[in-house]
Each structure stands twice: as structure tokens, then as C-alpha cells.
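Q: Chain residues, written in single-letter form:
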Amino acid sequence: MPAPFSTAGREKLRARQISDAWFFDLYTDEGTLRGWNQQFAITLSGDEYEPLGDKIDIDVEINSGSDLVAEPLTIKFDGAAKLDNTSFVGRLLDRTWHQRRIRVRQFVFDVTSNKRSEATEVFSWYGNMDTLSDPEGGSGPAEIILNCESGTFRALARNNQTVTDVNQRLRDANDASFKNMSVKPFQRVPFGIGDHKIAGL
Amino acid sequence: MSSGELMLYKGLKQFDLRLLERQSEANSRAGGGYVVDQGAPYWALTLRYEGLNEANWRALEGWVTRRRKSLVTFTAYSPQLQKPFAMPSADNSGLSMSVTSSGDVSVTKSSLILKAGDMLSFYTAAGGYYFGRALNDKTGSGTVEVIPKATAIHETTPDPKIVQALGEFQLVGERTSSDPYDKRRSMSLEARQVVRL
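From first to last, the protein sequence lines stand for chains Z and Y.
For the first sequence, our numbering gives the first residue as 1, with consecutive numbering after it.
For the second sequence, our numbering gives the first residue as 1, with consecutive numbering after it.
In isolation and in its complexed conformation, chain Z is listed as follows (with noise of 0.2 Å):
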């Protein structure tokens, strides 16, 4: 759902001549990844932005509404520093990034500060990068694809998996809740029994 405009943010894309930028932060397990669409370092809030140009890029359109539908967003790559891992299309592919959360926002500055002065946010999107591809080969450009789910709720497909034990362990290593799982079909499951008692095991 798309946040309401501040007041400075309205009067600014009112005036109909408009500098704009993406910024974009990643939120991988080793750290957050900040780049923004222009060619020198940012700091914003706080917090310091990589120049990455034309090297992210959104593709195709950014839907948001306020009903309760996943918003996908895609967000191309250059792929040409995706073996250097100092390049931060590098750094991403090295980290913990699935189901991690991004930010995209976009900001707008005074117009004839060349994106130095007055930013206001005018938009952002919240969501879980989700799919990431690496098509190579071909005539095209090398790119590197990450597909990214926002909305209110997150529909997750149905997982046709017995749950043993042994796998439930793997997601909580603390987590017995699976301990008296029968692992043989067909077989009730034992509650409150003793492990002694239940046949099988």
C-alpha cells in the first residue's frame, strides 16, 4: 500500500519539472545492501547509499493498491560484476538474501540541485526478495533478475510434507513438538505417552 504523500511531497510533483531517485535497501542476514539509481555515494537519514546507476534498474511498472493481492516487484542487475565479489550485485549473490526484506523508495529533490538537496519521499514499497535468476547466454544483456512480494498478507503455497521429527528439527533445533511423530504410516499419533510405550519406536 502506498504511503499518503506529505505536503512537501505533493508540492513537489506539482511543480510538473521533477529530479527523482530510487533508493533501495536489502536486508540480507550479513548486513544491509543501500544503493540508489545515480552515480555518487548519498547519504540519507543516516544512512550511506552506494552509487550504482545504471546498473539496478526496475523493471516494467511498480503496482500498489490497498487490497489484499501480492504486489510483485522486479529489480534487474547488471551482471557483469556478479563474479566480483566487491561489486554489489556481488555482494548480494554471496549473502542470505531469500525471504529477506527490501525497501524501495522513491525520493525528490530540488530541481536544480542535481539530486544534491531537499529530497522528500514520495513513495515506497516494503516486501521479501523472493526469487533472484541469472539468465546468461543469448544476445541480450547480462542481468541479474530479483523478484520481490509485498502485500498485507503473504500467501504461501501448500507444503505437501510429513513432518518428522528429524525434519522439524532442522527449522528449530529446539522445537519437540515433532518428537512422537510415528513415522510409519497409518499408525495413530501418540500424545502424552511415554516414549516406552509407543510401538514401533
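I should point out that these hints are in silico values taken from the structure, not numbers from a laboratory.
Take these hints with a grain of salt, some might be off.
[Said to hold, decoys possible] Below, in silico cross-link-like pairs of lysine to any residue (SDA-like), each with a Cα-Cα straight-line distance of 25 Å or less:
1) Z:Lys76 - Y:Ala126
2) Z:Lys82 - Y:Ser110
3) Z:Lys55 - Y:Lys138
4) Z:Lys76 - Y:Val36
5) Y:Lys138 - Z:Asn114
6) Z:Lys55 - Y:Ala126
7) Y:Lys115 - Z:Ser113
8) Z:Lys55 - Y:Glu174
9) Z:Lys55 - Y:Lys115
10) Z:Lys55 - Y:Glu190
11) Y:Lys10 - Y:Ala126
12) Z:Lys82 - Y:Ser3
13) Y:Lys69 - Z:Ala142
14) Y:Lys69 - Z:Pro135
15) Z:Lys55 - Y:Gly39
16) Z:Lys76 - Y:Ser70
17) Z:Lys76 - Y:Arg192
Model, not experiment: these values are computed from the prediction.
We have chain Z; now place chain Y onto it with these hints.
A: Coordinates of chain Y only, in the frame set by chain Z:
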């Protein structure tokens, strides 16, 4: 990949240097339309060589082949804008530059006179070239308003230039060339600026 190799100028008949803005289009005339300035402008280049003799043709073919189309970049200065307009006998000695917080360039050189449209360049901290045009006249050392706005200058080898200011480019698109029986050879190339971040 960059070789830093300068382009060839023998036989060059057209050097069309233009600055491409990144903006949305204004689709109405009402109140000046609605224009969004999205990013820094960049330079595009159209080169045309004509009347090349055997030696120049072969040298040019070799140079173009070494570009590997867009793979290897090259440097270029504008032959029409080699020197500042009001300083026809200037050179780059005693010149120093720094970048201000607004992205303009502070130029220091004795008896400096820059006019709007003069070109300047330096080597950037990211290992590329800043290539810009003065927007206003400036007499004496001081801050010159430039376009595009400058990025950080290299600390140890800035190589500032107001004479034969260099930009870094890569070839784009396919070349068109003609090598007829009467040896009136010509070639056209398109290039765009490479910006290193």
C-alpha cells in the same frame, strides 16, 4: 575492459558529440508539460571517416578490430573543442582540479579563462574518466559549473585536462563502411560514454 587507447583522427570528417539527457518526455504543452529528470546525462558520439588512403584504412580497421565491438573501450577528445575558446595557446601544465559538494569542478590555473562550452576532464577515483562541459564563463581560478556533474577525482593520478579533454567510450551498434573499387573508403561508427562507478 579498457585499453585507454586513443581513437584515430586521420581521415576523420565528422565528430558529432552530443549529451543525451535521461528524462521522461513531456507529452503536453500545458504548463511546460510533466518532465521527470531521472539520471545524469551521458555523452554519445558519431564518428565518420572518409577518403582514407591505404595506410589510414588499414590502421583504422586494426583499431576497430581491437575494440572487439563494445568489449574494449577507448578514449577520445573533441577535435573541434581541443582548447578553451579564450585560451588558444594553453596547455595542461600547472592545472589542478577538485570536485565540490555540488558536483561542480574547482579549477586552478594561472590566467584561466573558460567559456561556456569548453570541455574539461580528469581521471576518476573509480578508474574512469570524467568528461564534462563548462556551463558558464569563468575567469580566474575557481569553481566552474559543469554538466554532467562530476564524480570523485583520483587522489594520486588525477590527470586534469582543459586541453584535449578526454572521455572514455565504447562502440555500440554495427559499423557501416564502404570499400569500393575506386578506394574511396569510408566508415561510420557509433559510440557512447562509459562511466565507471
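Q: Hint by hint, note whether the structure agrees.
A: Here's how the hints hold up against the structure:
1. Z:Lys76 - Y:Ala126: Cα-Cα ~22 Å, so holds.
2. Z:Lys82 - Y:Ser110: At roughly 46 Å apart (the allowed maximum being 25 Å), Ser110 (chain Y) and Lys82 (chain Z) break the hint.
3. Z:Lys55 - Y:Lys138: violated, 35 Å
4. Z:Lys76 - Y:Val36: holds, 21 Å
5. Y:Lys138 - Z:Asn114: holds, 20 Å
6. Z:Lys55 - Y:Ala126: Roughly 15 Å separates the two Cα atoms, so the pair holds.
7. Y:Lys115 - Z:Ser113: holds, 22 Å
8. Z:Lys55 - Y:Glu174: holds, 24 Å
9. Z:Lys55 - Y:Lys115: Since the Cα atoms of Lys55 (chain Z) and Lys115 (chain Y) sit roughly 34 Å apart, the hinted pair is violated (cutoff 25 Å).
10. Z:Lys55 - Y:Glu190: holds, 22 Å
11. Y:Lys10 - Y:Ala126: Cα-Cα ~31 Å, so violated.
12. Z:Lys82 - Y:Ser3: holds, 22 Å
13. Y:Lys69 - Z:Ala142: holds, 16 Å
14. Y:Lys69 - Z:Pro135: holds, 22 Å
15. Z:Lys55 - Y:Gly39: Holds, because 12 Å separates the two Cα atoms, which is no more than 25 Å.
16. Z:Lys76 - Y:Ser70: Holds, at about 21 Å.
17. Z:Lys76 - Y:Arg192: holds, 21 Å
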